[in-house]
Structures are given as structure tokens and as C-alpha cells.
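Chemist: Quick note, the sequences are listed as chains A and B, same order.
Take the first sequence: its position 69, counted from the start at 1, is 78 in our numbering, and no numbers get skipped.
Take the second sequence: its position 5, counted from the start at 1, is 12 in our numbering, and no numbers get skipped.
To be clear, the hints were calculated from the coordinates, so they are not data collected in a lab.
Among these hints, one or two may not hold up.
[Said to hold, decoys possible] Straight-line Cα separation of at most 25 Å, SDA-like style, residue types lysine to any residue; simulated pairs: (1) 52/B - 119/A; (2) 49/B - 116/A; (3) 49/B - 10/A; (4) 20/A - 84/A; (5) 86/B - 50/B; (6) 86/B - 61/B; (7) 20/A - 52/B.
What follows is the residue order along each chain.
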Amino acid sequence: DAEITQSPRHKITETGRQVTLACHQTWNHNNMFWYRQDLGHGLRLIHYSYGVQDTNKGEVSDGYSVSRSNTEDLPLTLESAASSQTSVYFCASSTRKGYTDTQYFGPGTRLTVL
Amino acid sequence: RKEVEQDPGPFNVPEGATVAFNCTYSNSASQSFFWYRQDCRKEPKLLMSVYSSGNEDGRFTAQLNRASQYISLLIRDSKLSDSATYLCVVSYSGGGADGLTFGKGTHLIIQP
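Bound conformation, chain A alone (with noise of 0.2 Å):
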């Protein structure tokens, strides 16, 4: 069965560390999308992608960056980690360029910056 994945589903890192999370879809989806989650606030859009070497930010993207080299992957780079990046990072997937359709979430990965 098609699925999203993500890994690892537990880190822990340190203040100043650069810490890459993986995000791999098997449906095929051109949209991808990382999301954080920290009590308090809804879910806030990191960055996403609507296709091959295509990038863009989001809400709250400072401090982290992605690439997409491939349909399937969308990797999740904290450059230099801080604690107020701590939370719980879910990857997305969807199909339809421009248009709202719906999102499939990976599981999560709890990030703990010490």
C-alpha cells in the first residue's frame, strides 16, 4: 500500500547541531509539505514543494531548509538547531498543484533540541 513515511520518529540533538529529517511518500504526490506542531499553536506550514527541484517557505521557515531532487523525498534540514525548534515535525503529501486537496500526514518526528 502507498504510504508517507518519516524517520527517524525520535530525535534528540544539540544547541548548534545540524539535524536532517527524512520524509518519503510512495503515492506518487507532487505536493509536499512540512509542517511543526508545539503546544499552543496549530499546525504551521515549515515549507513545501509542488514538484522536482521546486522549494518554497512557509510561515515559519527560518532556521530550516529542504530539497527535492526526487518525486518521493522531501528532507527537512535544521542548518544550526535551536531549543526553540524542540516540537513535532509531520510531513505531508498531496496531489493537486494550486488547489486545496487533501493532505496525508506522515507519523512524526518528535525533535528535542537540548
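Add chain B to chain A, keeping to what the hints say.
Modeler: Only chain B this time, still in chain A's reference frame:
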């Protein structure tokens, strides 16, 4: 600013009861509306889209009031398994990922 507001709850409801909660949105240009369900420490999953004429899916009914800028979710004959956080999601004109705004969620607890 695009905002989606929800009562965070928790709503404590006995099993078998009917429960309803609303979500208000600030941008009148909003185009699409959804309810997602999120279980504790899990990912959000689409519960249902919300159509202008209102729509029903089993025990769940969603309604949209564009004049007052709110959407609602009604759950009839609630089950223990309905306990979850319900996220209101609104898409604004222009579409695209940056047009999707999530509410903070309403926490529902169904009690036996």
C-alpha cells in the same frame, strides 16, 4: 491576518450524547473547509470536507455558514473512539499550500 479560531475544550461528553463545536475564520475569501481528526501523539487525518450545502457522513454532520464565517461539526451517538482532537482547516483564495490554515483544535473526551 488569516486566522482560524476554535474552542480548545476539552469537551467532556457522555457516550451516546450529541456534541457540536464550531470554528470561525477571519478571511471572507476562504474557499475550502475541512475537519481533520488527530489522536493523541498521532498524525492528523481528514475526517470530512465541508460543503456549502452541508454534508453528512454517518454520525458526523458538517455545516458551513459563510455569512457568519463559521463551520460546525456535529457528532451524534458519540462513541468512546470519537475521543480525539478535531482540527478545523480553511483554505484561502489562491489555493496552494500557503493558503491552508489550521485551527489549534478542539479536544473531545467521550466518557463511558
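Chemist: Checking against the hints above, which ones are violated?
Modeler: none
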